[in-house]
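**Q** Those protein sequence lines, which keep their order, are chains W and B. Under my numbering, residues 1 to 304 are what the first sequence spells out, in order. Under my numbering, residues 305 to 823 are what the second sequence spells out, in order.
Keep in mind the hints are simulated off the structure, nothing from the lab. All residues carry an ideal CB built from backbone N, CA and C; glycine is no exception. Where hints are given, some of them may not hold.
To be verified - Here's a subset of chain B near chain W, in silico, CB distances under 10 Å, partners left out:
no.	residue
1	K371
2	A374
3	D377
4	V406
5	I418
Stated by the list, open to error - DSSO-like cross-link-like pairs, simulated, lysine-lysine; straight-line CA separation at most 27 Å:
no.	chain 1	residue 1	chain 2	residue 2
6	B	K443	B	K425
7	W	K243	B	K445
8	W	K169	B	K795
9	B	K535	B	K371
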Amino acid sequence: MSNSSFPVPMLHSTIRIMAPFLLAALGGLFTELAGMLNIALEGLMLIGAFFSVVFAAATGSLFLGIVLGIAASVAAAYVFGFISLNLRANVFITGLATNLFAEGITVVLAFQIFGNKGVIRFENLARLPVLSIPSLQRIPVLGDILVGHNVLVYVSWIMVVVAAIIIYKTPFGLRIRGTGSNPGAVEAIGLSPKRYRMYAILISGFTCGLAGAILSLQMGAFVPGITAGRGWIALVAIYLGNKTPLGIFIACMVFGFAESFSNYAQGAIDVPADFILSFPYIITVIAMIGFSIVQHYRLKGSDT
Amino acid sequence: MAYLQMHGITKLYPASGVLANDAVDLSVEENEIHAVIGENGAGKSTLMKLLYGLEQPDAGEIHFRGKHVAIRDPLAANRLGIGMVHQHFKLVPDFTVAENVVLGMEPRKQGLFIDRQSAVKDVTKVIEEHGFSIDPKQKAKDLTVGQMQQVEIVKMLYRNAELLILDEPTSVLTEQEIESLFATLGNLLSRGKTIILITHKLDEVTHMSHRVTVMRGGKVVAVRNTSDVDKRELSRLMVGKDILLQVNRGPTTYGDTVLEMKEISIRCRGQERPLLDRIDLQVRSGELVGIAGVGGNGLAEIEDVIGGLRGATQGSMFLNGVDVTSFSSEQLREAGLAYVPADRLHRGASLPSTVRENCIVTKHHDFLRAGVLQRRDVREFTRHLIDQFSIAASEGMPAGNLSGGNIQKMILARELSGQSNFILFSEPTWGLDIASSQFVYEKMLELRERGAGVLLISSNLDEILGLADTILVLYRGRVVGRLENTDTLSKEIIGEYMLGLRDDSHGPHETNQTEVRRG
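Please put together the full structure from these sequences, using the hints given.
**A** Structure, rendered in structure tokens:
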């Protein structure tokens, strides 16, 4: 691998890798703005990953697989929301429970259906369609990086714009933000903060389901724990992105790059593989520390 | 029929057993300012919550503009044309004024998006029509308190409210802001609106209202034309006749000073008027000092300072001769403070914890052996307190399962078990039934006879008059009256001090000057 071409494939895969982070974080942004710490992103993604690939294989349709995978994730989100909001359980505990449930149910079902607790390959599964626009691809460097990904990558970009419009341009978004900032104000005008929180949770179910579908469908396989902490990193991306869609997009790009780098750096650099594999997580910790330092000074600044 | 007619409104809060509204009638005419006055706990706020649909009455009917109406929630109230300006503002700090106003009734374009331009335009129109001084594009968090209140009023006008309920609107305002609020009310009146003004400030009633309904103890005691009454009569109606407590307050001799406050003040940044203004206070052993006042005039702040929960910005405090001004609540307790707080459910007790844990929490060190609580000692101690104070509870029960009266008995048992020579009681019988109140009174007098110094902070004048040797009255953070409790002292007189009609301190500045001259 020559030195000059090394960064391009690495950046190309950055774009591919960041898509699930981005979708999960955008969903989590809605719950965050509605005033809830949604730690269930990881579990909802996992459920989406499992059911989308299983249904895609069973129906022979990628599209149906994705739709049913999202449906499963939204259903799990509803249960999570119902227990947290209507039964008033602690949202951290129910989020944790959702994650543990997702981890368990996917393996149990995999074993029941396929008799296998490990990696389940679906050999006949169609690949996710790839968008290739030759005219754009001819643009040097940028064309190689941005074009030629599967369609869901581009869907995730569209979702950034859609999320921004919903949050900032619609009455629904105004009410979601009002709910998080002062639920009492929303209640005083006769709206139900609980209802808007439920909507936010269902939205996070939708985007996490799609995020999970990308993970499993691009591999054509389900691996137990396929999400590997991506839901948690998405949660960090929400804060790092300063709770805005564009900020989240940039934060997810950083995390996508970190993972891509660690994939390429294995073998290329003479550093223990364990260290390289932990690179995305180290980046997360450093980013979080940096973010809180910046926040600290910003608060101090506005105080005086 | 009147514009608004509330008839036979009754509301019982089952959790506390308080009958907040007892067959209340309220009749408001179109285009008048109708004041509803009463002391804290008289039932004014409850009545308004029922009118605005925040709560549902147990009995009674509401007729509005000639129609029998059921008001299920604030949206229903808004649809009828009823709007409420809450005492504590309900604004989203990060939203602009316009966003706060339109929230929930956003103007739309293409059916999907907020039409920001017409939102700003509509809000500007309301603001200009009524002469408010707010910018629709400013963030709510950057507004002054008076401006926030304007936003709340604009919010209701934007919703086409014809009847506006203002719940103690001046309690957080400065003098200038009060003036401009009064101007606003006049303007609203000239535009045909009807206003219900909830307050316990007599100045506002006589200045602003056409008619006044006086409430006491959940009932309506009088309805008057404002022009026909003076402040003294209103104050008499508010506090009612003297009720003699069934207690025997024998003579005691005063000993050494146990608690002393010297010129204690609390000032908040950005607020003109101090919350406490140079309070001098002395409690001697064998003396029961009562502090009276309407809520919001400094009673809670005095409680907080003595309890160590809030530092004074000026002045000093001594407990048994020790300077305790900067002590934490833990240090104060070590220095001999016993304290029965007004907020017994949160500050006085831990409801999920057991009676046992609640009883030993202030002295759990005494039950340690090698760092481990001695279960048997703890049980024995708790059982002893349960017997002695006849608390209807078992020691292992969570305190939250007890009735209000028994929770208070449990707190008393704990606080009095330490044999402190100074005990602070704040609103000790609020919400208690007669038997439990009687029990509390007897305990207080027992302490006094034992030679302890007792400080009673209470907005209940009957108990102040029945129990205290010396009475201090607070008004706007100042001691306006310092009275010996003799036979000639009556509730009416204290009431006049409480409502600012009498003032022995001659205002905040003059006291200062006399002291300067003396020095």
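**Q** So, B:V406 near chain W? Judge it on the closest CB pair being under 10 Å.
**A** At 8 Å from the nearest chain W Cβ, B:V406 passes the 10 Å test, so the hint holds.
**Q** Hold the hint about B:D377 up to the distance rule: shortest CB distance to chain W must be less than 10 Å.
**A** holds (5 Å)
**Q** So if I understand the rule, the pair passes when the alpha-carbon distance is 27 Å or less; does W:K169 with B:K795 pass?
**A** It is violated: about 59 Å lies between the C-alpha atoms, which goes past 27 Å.
**Q** Mind checking the CB of B:I418 against every CB in chain W and telling me if the closest is under 10 Å?
**A** holds (6 Å)
**Q** Is the shortest C-beta separation between B:A374 and chain W less than 10 Å?
**A** violated (15 Å)
**Q** Given the hint that B:K443 pairs with B:K425, does the C-alpha gap stay at or below 27 Å?
**A** holds (16 Å)
**Q** With a cut-off of 27 Å on the C-alpha distance, tell me whether B:K535 and B:K371 pass.
**A** violated (35 Å)
**Q** Restraint: B:K371 near chain W, CB-CB cut 10 Å. Satisfied or not?
**A** violated (20 Å)
**Q** Hinted pair, alpha-carbon criterion (27 Å max): W:K243, B:K445. Please report holds or violated.
**A** Holds, at about 19 Å.
Checked against the numbered hints given earlier, this structure breaks hints 1, 2, 8, 9; the rest are met.
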